[in-house]
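2 protein chains.
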Amino acid sequence: MAKKYVYFFGAGKAEGSSKMRNLLGGKGCDLAEMTNLKIPVPPGFTITTEVCTFYYANKKKYPRELRDQVNRALAKVEKTMGARFGDPRNPLLLSVRSGARVSMPGMMDTILNLGLNERTVQGLIERSGDARFAYDSYRRFVQMYSDVVLGVHRDLMEELITERKKEKGLKLDIELSAEDWKELVEKFKALVKKESGNDFPEDPKKQLWGAIGAVFESWDTPRAITYRQLNKIPEDWGTAVNVQTMVFGNMGGESATGVAFTRDPATGEKFFFGEFLPNAQGEDVVAGIRTPQPIGKERKADPGLLSMEEMLPKPYGELVKIYQRLEKHFKDMQDIEFTIQQGRLWMLQTRSGKRTAFAALRIAVEMVGEKLIDKRTAISRIDPDSLNQLLAPVFDPQAKAQAIAGGKFLAKGLNAGPGAACGMAVFNPERAMELAKAGKKSVLIRIETSPEDIHGMNAAEGILTSRGGMTSHAALVARGMGKPCVVGCTALNINYGSGTMEVNGRVIREGDFISIDGTTGEVIEGQLPTSSSEIIQVLIEKKIRPEDSPIYQQFVKLMSWADEIADLGVRTNADTPRDATTARLFGATGIGLCRTEHMFFEAERIAAVREMILADTPEERRRALAKILPMQKMDFIGIFRAMDGYPVIIRTLDPPLHEFLPHTDQEIEELASQMGVSFNKLKERAESLKEANPMLGHRGCRLGISHPEITEMQARAIFEAACDAAKEGVKVIPEVMIPLVGHVNELRAQREIVDRVAREVMAETGMKIRYLAGTMIELPRAAITADQIAQVAQFFSYGTNDLTQTVFGLSRDDAGKFLPFYREKGILDSDPFVSIDRPGVGEVIRIGVEKGRRANPILEVGICGEHGGDPSSVEFCHLTGLDYVSCSPYRVSIARLAAARAAIAYPRKKKR
Amino acid sequence: MAKKYVYFFGAGKAEGSSKMRNLLGGKGCDLAEMTNLKIPVPPGFTITTEVCTFYYANKKKYPRELRDQVNRALAKVEKTMGARFGDPRNPLLLSVRSGARVSMPGMMDTILNLGLNERTVQGLIERSGDARFAYDSYRRFVQMYSDVVLGVHRDLMEELITERKKEKGLKLDIELSAEDWKELVEKFKALVKKESGNDFPEDPKKQLWGAIGAVFESWDTPRAITYRQLNKIPEDWGTAVNVQTMVFGNMGGESATGVAFTRDPATGEKFFFGEFLPNAQGEDVVAGIRTPQPIGKERKADPGLLSMEEMLPKPYGELVKIYQRLEKHFKDMQDIEFTIQQGRLWMLQTRSGKRTAFAALRIAVEMVGEKLIDKRTAISRIDPDSLNQLLAPVFDPQAKAQAIAGGKFLAKGLNAGPGAACGMAVFNPERAMELAKAGKKSVLIRIETSPEDIHGMNAAEGILTSRGGMTSHAALVARGMGKPCVVGCTALNINYGSGTMEVNGRVIREGDFISIDGTTGEVIEGQLPTSSSEIIQVLIEKKIRPEDSPIYQQFVKLMSWADEIADLGVRTNADTPRDATTARLFGATGIGLCRTEHMFFEAERIAAVREMILADTPEERRRALAKILPMQKMDFIGIFRAMDGYPVIIRTLDPPLHEFLPHTDQEIEELASQMGVSFNKLKERAESLKEANPMLGHRGCRLGISHPEITEMQARAIFEAACDAAKEGVKVIPEVMIPLVGHVNELRAQREIVDRVAREVMAETGMKIRYLAGTMIELPRAAITADQIAQVAQFFSYGTNDLTQTVFGLSRDDAGKFLPFYREKGILDSDPFVSIDRPGVGEVIRIGVEKGRRANPILEVGICGEHGGDPSSVEFCHLTGLDYVSCSPYRVSIARLAAARAAIAYPRKKKR
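Chains as they are written, first to last, in my numbering: chain F, 1 to 912; chain B, 1 to 912.
Quick caveat, the hints were computed from the structure, so don't treat them as lab data.
A few of these clues could be false.
Repeated chains share a single entry, so a pair holds when one copy, or any two copies, can fit it.
[Stated by the list, open to error] Straight-line C-alpha distance at most 27 Å; calculated DSS-like pairs for lysine-lysine:
1. K354 to K441
2. K440 to K412
3. K690 to K817
4. K168 to K193
Could you build all of it, start to finish, from the sequences and the hints given here?
Structure representation (structure tokens):
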């Protein structure tokens, strides 16, 4: 039997189905599926993707059987429609479209009205009774076909149209008459002859094969190839070709065309929502010349407009039944397109509808309630990253549009932290804190930020920088704080000295109001009204009662389902009791990373820290550390209280000490007089701490090894805090984490100190605290020798930020100078600092997990880099068998959802 | 049958042999072996290492059978000697010594004269006829035993001796009489009673068991434990105990004691060489009070001294026969100890003798000639690193000793580059070049060196720095150039401004003469005479004819044997034709790394390089590059000529561009006016190129990807040079290497450029050049994804310097601040920048080789880091199946020898 290359659909029966996506492509299988559902679909046929593969494998020849199969399918279409292809009296007209397995830009889109020629156009005039419509259709076909199939550029034909309008003193295409179009068609054809040397094909069959060939050729255009490379779509997937009967919504008063959503795509409300135009074609809706009318008579925005329900009640009734069936069948909100040709309803397309995050949440949760889908499907329907939309503060959309229309738009940067922020422009963190104390809102504007700016960032409503990328310090910290943030806005010229910023000729001064939209990257002059998201108002701000917020209840429900399904736990990266409390409200079940150094920057502490750094002997250093101890201890007590019953991983000091010292001579001068040491001594110490490559320098456990007294102090603060909190009745589960271990002996040396201090404190307090001691795995050597390290570590936590830097040999701070070239030239598909690079960094992680668990089967393994809040990375962590991910508080919900989705997509054999 | 714990030796027959090293320890098995050779060895027995293991496994108890076996062995000794242990008339006296498998400091050394007590000392007086000798022996025993076994500190007893001498107005111990010693013994015993609460044991058996116990206890001292940890000696190896009859060389005129070498340990000449003292004990030789006399009558240094050959001809004759048998048996030059007791010769020890590198070479080569050993054994006898001694320039030893005695010693630093250098102190590289042009020698003194200093380093005789370690820039470059170098000499206070250096109060000014010994790290004031090593004078300087230099001929012979045996090839890292020529003379069979950037620093080139960096557009950059092209091309032609017939790997530009720009405002000012650009532009560009972590920044292939025109120019220079050289008849084998690849797409993008330019140049010249294109593997990601990269690379070259930095997350430039703590605390056994860290970096290399070869079986794999010249790393490369190592020219011989030794130790299944 000959191989089947062509699949017919029509008259309530299709040879294909939605299960044949690989063979028929996305569009082809959806058309087949609708047909089988007895939904009226203009009949047609699909030429399979295998023909495409054959075509390229055989020097652009088709399989021998193809012509015959196409002819037979075409005959069936003719029979179904009662019209014939090329018939001058009752011509069948066709559309030809590409259709790969996945939607793919760069491929040929559509050729409409195929089959028209000098003779068949007469039939169309007759059948429609509208010569202008017929010639307009004809000229559109000739234009499209010439451009796409014959390679005559569309602009050349547009020039002819413009010329014509000029001659007749007209402005708009719609003002041209049937005669005008008729003559233009002739001119187009002459142009084709001149440009290509060939006549425009009059034979409809020749037209058809030309269009089919053009679809297959479009698989191999440079743009399509690049897209496939970037998206890892195999070359041999190929595309299908869909050939379908044309229907017309502009054949008089009983004709119409429209689009609809089965539920409200903005809110998710279960309400049939759509627009239509009577006596019009799809293109007219897009052209925006006529005002579309509502579909249903309920809830009209403009009561003056007639609805389709009122104007065309019969087709409306059919449409309602069809949309209900489609939603039930596809079990999702559908975005549908239809045409009514002379009273007869035709469905042209159905697909899952795009929707806002709010709608996605409501639809998913309500569909579970309706028993249309199960919880797992609901989870799979929500893109974890879209939760950001639910949590971010928002601008009033109308106010924003007005401001932009009023010329207040300043510049666009990278949308690094979603949400809206508005406040007075300030250029230094101290000023932001002063304003906050005075109850005033500010936006902190910096060239780039550093750890000293954190309190100012916290005090500001939002952060705006002129340098840095999506993973710059500003971006990371802002996302961690849930603050709106726009970074890398290169149009800004910031001058700290004068406290001003120049943007495209305009000058913003300190105190001027400015608004930033971290969801879009827009920077707008002036004050735009904002508010917290409703969920934040319920959850964090407690301004709305939970029972008054359906969206909050839906959110909570979805999250509880996610937790039922997920294998991975979700902890948080939190350095303060406040962050820990926030993260608990978002559902974090522990702290995966508490960075002790962030506590060091507070004004009253930094002095003692600097004293410690400047100490000449271990004894002096101990005295300075003794001043820090009670402060660190208080922090830890607060964190233990917030995390009552949940594990808390505390990392010992990590950054190089020079980060705590000032750098300019002036700052050194000031500090020296404050501390009562000589300028020279301070300067010298600052110089001696400078490093060629601080990222690879004297930091992490290397500090604790050269200065064991630091580790001692920190261990003491941890265990004294744990004992104090436990005395209050708090259930404390401390886990002490040693950073930047590369060799098991480093961990061994540091662990000895931790264990000794733990014993000492327990003996002093008479308490018994169970704790774990472990390490961060953030250097390749640690992962490669994980079998040795796991014999000394009770847990591993992958520090994927530094691990990515070392595995790639790539400094995050410097990559901005060349990574853009990498993205541009397609060398890297995605930013490895955003999503874990699976073949490289991921493989190193996998080796470490495997070796570590083999050596220590009860090893607890997690991840605490910024990747912990990235859905693709969470999936990787699930696949690699980790126990948990840890991320910033505002990404905890995202990680919980991503973990559940990963568990659904890739069920684990055994729960850990 | 009871387990055998005690092995007797004596009377020409031993129960053990040299094959039982694990059981009997080193000393025990050598004594057994000598006994079996019928060589007169004082009889005795060895208690096995298994007893030690048993002792620690069983709460410090001995095996039940031990006491009996010791008693029986002791009885055999008594029978052999005709004396009885504890016999007051004819007492047998014993020595007790430890003896592990490998010599180990921290273990108990020796207890002599065991068996003496108040009664047996009388027997010794009788037998020796010398009361003073007997009491002196007695007191020595009591002192040693009290200190080692009973824990009474030796100092307390020395105080008693000093007191006695004072009382009697004497100065030296030897002036004390028999009576004095007798009384002192009593005082010692009283002291023991007082200090330990116990009587000194009179019973010889009790003494013996005390001494045996002390040996086993000494296995577990902190010093021994630390030594084992550092040297990875397993705890359960244990130590043996050797109990042996005492013999005395001080029993009158027919007695003597001596040491000898079977060949000259300084020159290796086959000449029996030794010293003896008549009527003396071993200790007397060490004490240095009496002048030892020569053993043979030939070649006396002092003709006035009588030789043993003349004084004791019969024992001398026996000794000659014995040394010849020992050398023949052990097939190596022996270091022997003997004692003649009343005319009877006893051999106390034989072992392989320590020797200079010159002697080692001569002995090994001559022994092959004598058919005593084969070539493989000869190779195994030479420590590859010791070849440095053969190649390094030397100070006249007497002149140096005189200078030090005369107070000219200034300081000691790290011995970073072996050899002697002397010249005028200069503090900047330009001055060194000026002096060199004027025919004057200089020593370049810098705080630390940077790439701009290279020409000055080359012009100077030697390099001295106050900062940096064994792998600092100065050390690496100096070793590469074969220059003497002392680094990290922290006592120096260098002041560039005044052109002076202060050392411990003394001031050295520019132009003052200074001498550095890079073999020892010594820095000496003034001018010491030096000369090149003889091999360099033959090989490089051509000052001596090969036929006039036996040492050169031995060297060449050994190297040719090494090449026959080695599996690994040895290439060189060479950036200039001169280096390439030198490396060929040392036997390099190709270039493993030619760094193109070193060529950029030459005075006439740096201007064009800077112009290229400051270019604003690719076109400007191309214009600047066009100026560099002919210069690079000339370099490459020179290198291809020098490497005629051998492969040459040329690496495209690697360092970050800021390395080529000046840094201080003054330098920028100067350069700006030179180049005719504004100070501000230059300053701004220099600022914008600054990086937080340059090691992980915009360098390597990242430069070639952002600026493809650089790669284009370099590829063109390579292929034009190759074509030109080939036209001359040179056989060129270029291999183009792309550095710092982390992702296969980086290599793919760069390789496209290289292949395209190669095609263009070949088309232009009409030549056909076979070449390879490959990559450096110096980032963890490259090794981890080697399967992908090997599909695009024709060769891999491991850049182990950067790979070590990234795998460890360790900046070599910054590690000096904390790595010393690591060595001190035993966290790292060795410097990973010197020897490849096998469990970490080595494992990453192994993964890369395995994945790479699996994907591309004909992949050529080598290593070009500094490790290529380190013997342990060469062994690793052999084990990992690499094709070659590449190292600096002056280490090529070392690598060749190390490769041969690795092939001998670990034969490969299959030659590649």
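* Asked: Is it within, between, both, or neither for K440 and K412, if the alpha carbons may be no more than 27 Å apart?
  -> within (25 Å within a copy, 64 Å between copies)
* To do: Give the relationship of K690 and K817 under a CA distance limit of 27 Å: within one copy only, between copies only, both, or neither.
  => Result: close both inside a copy and across copies, 23 Å intra and 11 Å inter.
* To do: State whether the alpha carbon distance between K354 and K441 is at most 27 Å within one copy, between copies, both, or neither.
  => neither (35 Å within a copy, 80 Å between copies)
* To do: State whether the alpha carbon distance between K168 and K193 is at most 27 Å within one copy, between copies, both, or neither.
  => within (26 Å within a copy, 133 Å between copies)
In this structure, the one hint that does not hold is number 1.
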